[in-house]
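Undergrad: Residues per chain, in single letters:
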Amino acid sequence: MTEEIIIAGFGGQGVLSMGKILAYSGVMQNKEVSWMPSYGPEMRGGTANVSVIISDERISSPIINQFDTAIILNQQSLDKFEASVKPGGYLIYDPNGITHEPTRKDINIYKIAATAKAQELGISKVFNMVVLGGFLKLKPIVDKQYIHEGLEHSLPQRHWNLIPQNEEAIEIGKGIIEAVQTL
Amino acid sequence: MARELKLMKGNEAIAQAMIASGTDGYFGYPITPQSEVMETLMAEKPWETTGMVVLQAESEVSSINMVYGGAATGKKVATSSSSPGISLMQEGLTYLAGAEIPCVIVNVMRGGPGLGTIQPSQSDYFQSVKGGGHGDYQLYTLAPASVQEMYDFVFDAWDIAFKYRNPVLILSDGAIGQCMEKLYTRDNIARWTEEERRQHAPWGTWGKPAARGHNIITSLELESARQEVFNHKLQAKYAEMKEKEVRYETINCEDADYIFVAYGSSSRIAMKAMQMAREKGIKVGLFRLITLFPFPTKQLAEVAKRVKGILCVEMSAGQMIEDVRLATECNVKTEHFGRFGGIIPTPTEVLEALENKIIK
Amino acid sequence: MANKDIEARRQELLNDGYTEVYTKTKVLTDAVMHYCPGCGHGTTHRLIAEVIDEMGIQDKTVGVSPVGCSVLAYNYFDVDFQEAAHGRAPAVATAIKRLNPECYVFTYQGDGDLAAIGTAETIHAANRGENITMIFVNNGIYGMTGGQMAPTTLVGMRSATTPYGRRVDLNGYPLRMTELLATLPGTYYVTRQSVQNPGAVRKAKAAIRKAFENQKLGKGLSFVEILSNCNSGWKMTPVAANKWMEDNMMPNYPIGDIKVDGKIAEGITAERLVLDHPLTVMQ
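Chains as they are written, first to last, in the working numbering: chain A, 1 to 183; chain B, 1001 to 1360; chain C, 2001 to 2283.
Derived from the structure by calculation, the hints contain no laboratory data.
Heads up, some of the hints might be wrong.
[To be verified] Just some of the chain A residues that point at chain B, by a computed CB distance under 10 Å:
| hint | residue |
| --- | --- |
| 1 | S34 |
| 2 | W35 |
| 3 | S61 |
| 4 | K139 |
| 5 | G150 |
| 6 | H153 |
| 7 | Q157 |
| 8 | H159 |
| 9 | N161 |
| 10 | Q165 |
Model, not experiment: these values are computed from the prediction.
Where is the CB? At the ideal position from N, CA and C, for every residue including glycine.
With the rest of the complex left out, here is chain A:
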C-alpha cells in the first residue's frame, strides 16, 4: 500500500497540522511516511500545501507531482491541483468559497462541507479534523487507535485535553462526506 496525498488550502486552515497528524498516525502504525510542505512566504496569508505519503515500503521521493488523493480547501488549490490527481484517484473538496466546481471525469470526486458544519457546531478550531475524518472514511489507511497516538505526538501535552474533541470532529467528518462523482 502506498497512498500519496496533497492537502492544500489557505494558511491558517490547519493544512500542515492535518498532514502532520495523519503522518504521525502512520508512524505509530509502523508505516513509512513523509510530509513535505510548501514553505516560506507562500505560507503567510497565501496558500499552504503539504504532500503526505504513507506506505508499507521505503519511500523514494517525498517530492511528488501526481497524487492518489487531493484534499482541497480553497479555489486556488482546486485550480492548481485538480489536474494532478492520478486517473482513478480521489478529489475531496470543501465547497466553501468554491465558485468553479471540479470538472475531471476520470477521478472520484467527494464534497465535504466541513467549514459550514464546524461553524454550526462551534468547533471551527478542529475544522481540519472534520476534513481528515472525511478522508479516512474513503481511505481508512490508518486505524483509529493510531490516530489517537498520532494526535498525542502531534499536540503539545498541554493540549491533550483537546484530543477527544479532535476525535469527535473526525467522526463528524466521516458522517458528512458525500459523493459527487464515483467511477
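With chain A held as given, fit chains B and C onto it using these hints.
TA: Relative to chain A, chains B and C alone:
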C-alpha cells in the same frame, strides 16, 4: 533523549542530533529554509540539560568566527545556514581549514545566485567541494538524503572532524530540511569531560598548563617554504580521506543498462524515476553519492564500465557532472538533467530526460 | 645575543652584586618583537603580560590577535592564543569565553581591524555584554599595509590614501569607537589611555588590570583603548611622533575613563562624548 521513534523535520533532526551527539556549542543566524535548526535548539534549552551553549550571532560572518573561536579550544562547535549565509562564511571556512580546526557546518541549500529563492536547490556543489574560500583546502562533505541521515550524519561528522582535524560540511537542501520523516533517535552521548577534551584536542587553546608550551591557532605562515610544507601535509590528509572515507550507495546497479548519479533530495527523485523506469522495462540503477568530497571516483568508474549511459540529476545547471565525467574519463555517454532556481524536478521529468538525452 | 647568553650575563651581574630592579615578565616569550622602535605595541604587550603574571592567570588566559601590525602577537605572549580573521576577534573571543567561562579571554586589535572591518563584531560583542577584555590600539592609521587611512585618521591628517589630508566631505569623520561603546549597556568599563611616558604607562597598566579583574565580576565587557604613535606610518621620529600624538591625537581622543563600573564616569558630559574634530595640520 533516549532511543525513540519520532516524526521530525530534517532541520529539527540536525538540532536534535547536535544535542544528542554531545555538541558543546552552536552559533547561528536565521535564514530560510534552515531557521528551525536554531529555533529547535532554543526551544530545547540544552544549556540546562547537556550544558551545550547556543547563541544567535549578529551575522553569518560572526557565527562562523564564533565556531572558529570555540572549536579552536578543542570543543565540538557547529553552525548551520543556507546558501547566501554560507557564502558569507567562506572566509571563516578557509581559516578553519587552514588552522585545521574540527567543526561541523550545515548548508541547507536554496536557489541562487544572489538572494535567489528560498526553495530547494543543489547549486552550491562547486562552492562546497571546489573551494568556496581561497587557498587549496577541502571540506569533508556529506550529502544526506533523508531525515534519518540528517540526524545520523551529525554523529559521523564529529568522528571525521576530529579524526582528521578538518571541518566537515553537511550539504543538504530545503527539501530535506523541511520534509518530515520517521526518525530513530539515539541515546545521548555525553559531552566530553575536561580530560576527554584534552585527549581529543591536545592542540586546543584552553589555557596553557605550566607543563606545556603555549598552543597557537593560526593559519598564518610568513615563510613560504614552511607554508608549502604545510600545504603538502593538508594534501596528504585529503588523499587519506579519498582512500579511506569515501561513502556511496548503489541501488539496482548490478544489472543496470543505465544509471542515475545523484545525491541528496535529487537522489530520492531519481530513485522514484528508477522505479518508474523498471516498471516500463528499462533497467536503470542509482548511484547515490554520500560523500561529495571525497568523491567516489574509483567506485563510480567501476560501475560505469558496465552501463550504456549515465544521467546526472542535480538541482543545478550541471555541477556534479564534471566530477562524474572525470571519474569515468568520459568513456560513457553522460548528460545532466536538473531544474534550478528553486524548482524541484519531478520523477516523470527525470525519466523523460533519461529517455531523451541518454537512451535515444 | 642569544637567549642563553643573556641569561649567563644576567647571572654574572647578579653574582657581581647588582640588584635586579626590572626584568621581563615570564608571560612574554623570548621571541624578538617585530614592532618598530618607539611604537606603543611593545609597551602595551608588556603591560598585558605583567597583569596576567601578577594576577596568576597565565594558565587560564586565551588571547586573540587581529590582522594588522599585531597579527603575530601570539608569538610574544606565553599564553594560548588564536589568530582571528580581519575584524573578527570579538566574535572569536565571544565563543572562547562562552565555552570556557573559567578562562580569561582578551582581544588585541588595532583601529583598522576593530573600528573598520570589525565594527559589527565589536559593537555586538559589547552590546551582548560579553564578559571579555578588549584592548584597542589606536594610532590613526593602517600600519602594517603601509600607512593608509583608518576610520580613526584625523581630519586633515595625511596617509597613503589621503595624501592631501583626510577630508570630511570625502572620507567622513574620525570614528570614536570608545565613546560609542560607552553608551551601550553591555559595557562595564570603557577607558582611553596612552603609553608615551612613564606616568601614562602606569595609568594604562592600572586600566588593563581593572579590565582583567572585571572578568571575575562577570558584569560585561571591558574596553581599553590605548593611543599609540605610528612613527613610521606618520613618517616622524619616535620622539616627534609622541609629541605629535599629544598635540593632535589627544584633543580628538581625550585620555581618561569614560565608563566605570557600568556607569558613565564623573565629568563625562554629553558634549564631551560628541566633541568636534579640530582640523589637524600634518607637515
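Undergrad: Hint numbers the structure violates, sorted upward?
TA: 4, 7, 8, 9 and 10
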